[in-house]
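J.: Take the sequences, apply the hints, and build the full model.
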Amino acid sequence: MDEDDDCDCSPARADWTKGAAALALASVLLFASSWDVLEPTEWGVVQNGFTGYVELDPERVFEGGRHFIWLRHSFIKFPRRLVNLEFSDFGRGESDQAPISARTGPDPDDKESGGQPIRLCVAFQYQIARRDVPRIYQTFGALHEASYLRFAQQAITNEAQMFTPRAFWTDRKKVEGQLLGKVNETLYRQGYATVHDLQLLRVDFNSNYEDTITNIQLQEQLKVTKTYQLEVTRVSKEVDILSAEAEAAIARINAQAQREASVTINQASAAAIQMEQGAKATWYAKLKATLGWSNDDFLRYVKIKSLNAQPGGSVVIGVDAVGG
1 MDEDDDCDCS PARADWTKGA AALALASVLL FASSWDVLEP TEWGVVQNGF
51 TGYVELDPER VFEGGRHFIW LRHSFIKFPR RLVNLEFSDF GRGESDQAPI
101 SARTGPDPDD KESGGQPIRL CVAFQYQIAR RDVPRIYQTF GALHEASYLR
151 FAQQAITNEA QMFTPRAFWT DRKKVEGQLL GKVNETLYRQ GYATVHDLQL
201 LRVDFNSNYE DTITNIQLQE QLKVTKTYQL EVTRVSKEVD ILSAEAEAAI
251 ARINAQAQRE ASVTINQASA AAIQMEQGAK ATWYAKLKAT LGWSNDDFLR
301 YVKIKSLNAQ PGGSVVIGVD AVGG
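Mapping of the sequence shown onto full-length UniProt numbering: residues 1 to 324, in sequence order.
No wet-lab data here; the hints were simulated from the structure. Be aware that a few hints might be false.
[As the list claims (entries may be wrong)] In silico EDC-like cross-links for lysine to aspartate or glutamate, where the CA-CA straight-line distance does not exceed 16 Å:
hint : residue 1 : residue 2
1    : K182      : E159
2    : K77       : D57
3    : K77       : E39
4    : K77       : E63
5    : K174      : E159
6    : K77       : E159
7    : K77       : E145
8    : K173      : E159
9    : K77       : E42
10   : K174      : D197
11   : K173      : D197
[As the list claims (entries may be wrong)] What follows is a set of in silico ranges between Cβ atoms, one per label pair, in the way DEER data are often shown:
hint : residue 1 : residue 2 : range
12   : L71       : S95       : 38 to 46 Å
13   : A271      : L299      : 26 to 34 Å
14   : R259      : T290      : 41 to 49 Å
Since we're looking at a predicted model, the values are computed, not measured. Cβ atoms here follow ideal geometry from the backbone N, Cα and C, with glycine treated the same way.
T.: This is the structure we're talking about:
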């Protein structure tokens, strides 16, 4: 009887084991299916796959990582990083929309013109805060960027009218700053996102106005060039004047030196003559005293020496002849 009991229990026990194994496997699969993953650059809110209900409690906004969110629940994902949106036609595959067509404010030189038509290539970077994810989903669903582009375009179009045409190339940083402030204000108020930066990539005017701008810039550059040329000429003339003054000073110094040299030479010559005459007078006086000559004898002697000193003179008279 024990053998019969064993035979009757074995199939039931095997079925129970298989059922338990199947249940365990199903539990593992269900448990594994109850997890979802967010990247480090994403926020996520949980959506119930059975009812479609989305958990919109700001405290239940998930950040990057693997999270247990129950079976058939999934994340609706939003960007956590800075996201770039761009209005351009650069052909890099990064543009979200075409350039913005707008109009400037009136030109100060032509206030009746009503401003100039322009096309603006603009890029800006927005970021979503964790607390704002639920109301962004409530307002826009998962398609918030289309609305952000529309809000930014309207804000830029309105703000562009606050600037003169010239401001877009003479005060570009100021234009960028005010566009950034306006776009940030609009997106935060209407789209619950913060704009951290904005770049004015390119400004296009109508071709005839572009030509006018180019000519104005060329004339201004020519004016600057002429100013520099005049400055160079002025400096060159000042150098010439300084050179002439230096040469005149040198000539004056040389003339003064030459005059002083002539005076010194003449004074030396006069002193030499005086010394020579003094020496002769002393020698003649001694000669007269030694020989006992009278003035007439001395004059006769001097005359004879003068005749001997002349070219061709051959009169030779001794001292005794003079005395006799």
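J.: It remains to establish, for every hint, whether it holds in the given structure.
T.: We went through each hint and held it up to the structure:
1. K182 / E159: Holds, at about 7 Å.
2. K77 / D57: 15 Å, holds
3. K77 / E39: Holds. K77 to E39 sits at ~9 Å (cutoff 16 Å).
4. K77 / E63: OK: K77 and E63 at ~10 Å, within 16 Å.
5. K174 / E159: 12 Å, holds
6. K77 / E159: This hinted pair is violated, its Cα atoms lying about 33 Å apart.
7. K77 / E145: 13 Å, holds
8. K173 / E159: 14 Å, holds
9. K77 / E42: Between K77 and E42 the Cα gap is close to 6 Å, so the pair holds against 16 Å.
10. K174 / D197: 13 Å, holds
11. K173 / D197: 12 Å, holds
12. L71 / S95: 38 to 46 Å: 41 Å, holds
13. A271 / L299: 26 to 34 Å: With a Cβ separation near 27 Å, A271 and L299 satisfy 26 to 34 Å, so the hint holds.
14. R259 / T290: 41 to 49 Å: 46 Å, holds
Violated hint: 6 only; the structure is consistent with all others.
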